[in-house]
Amino acid sequence: MKVGVISDTHGLLRPEALTALQGCERIIHAGDIGSPDILDALASIGELHVVRGNNDLEAEWAGHLADCLQFDLGGWPVLLVHDIADVPAPLEPGVRLVTTGHSHKPLIEWRGERLYLNPGSAGRRRFKLPVTLALLEVSEQAIEPRLVRLLE
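Here full-length UniProt numbering is used: the first residue of the sequence shown is 1, the next is one more, and so on.
Check the hints yourself; a few may be wrong.
Per label pair, the in silico range of CB-to-CB distance [as the list claims (entries may be wrong)]:
1. Leu48 with Gly75: 34 to 44 Å
2. Ile84 with Arg146: 17 to 27 Å
3. Trp61 with Glu144: 26 to 36 Å
4. Trp61 with Glu140: 13 to 23 Å
5. Asp67 with Asp40: 28 to 38 Å
6. Gln70 with Phe127: 30 to 40 Å
These aren't lab readings, by the way, just hints derived from the structure by calculation. Here a beta-carbon is modelled for each residue, glycine too, at the ideal position from N, C-alpha and C.
Generate the whole structure from the sequences, applying the supplied hints.
Okay, here's the thing in structure tokens:
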């Protein structure tokens, strides 16, 4: 199963992001969405899992969105929050994928059997950080993550 992971769009869904996400069965947005139109566009590609970010908190359209979400991704239990500071300690032992955003810094880090993933920011460039999202190939045996650079 191909899964797209995006975060920190801040109201900008780049055509490069839409192209990179084509063919994804599921899309994960880790918050700071910026506009309900972004969710509509992503939901037209695949099943959508989304949390609101700190910049979405005051938005009326985002009021129904969760701050923390747990779901299953092809047999892999997932925890989705916007800010890594909000990841509970201790984590439930079964969680195998922790997905966050907020920092705009992409991260793929295995900590034992658990993958920590931040797809970086797909919206407007912040400082000199890259503009990225992540793609996952998920099977029963493995999750294979990779970053996709949207701008050079």
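Enumerated hints in conflict with the structure, sorted upward: 1, 4, 5
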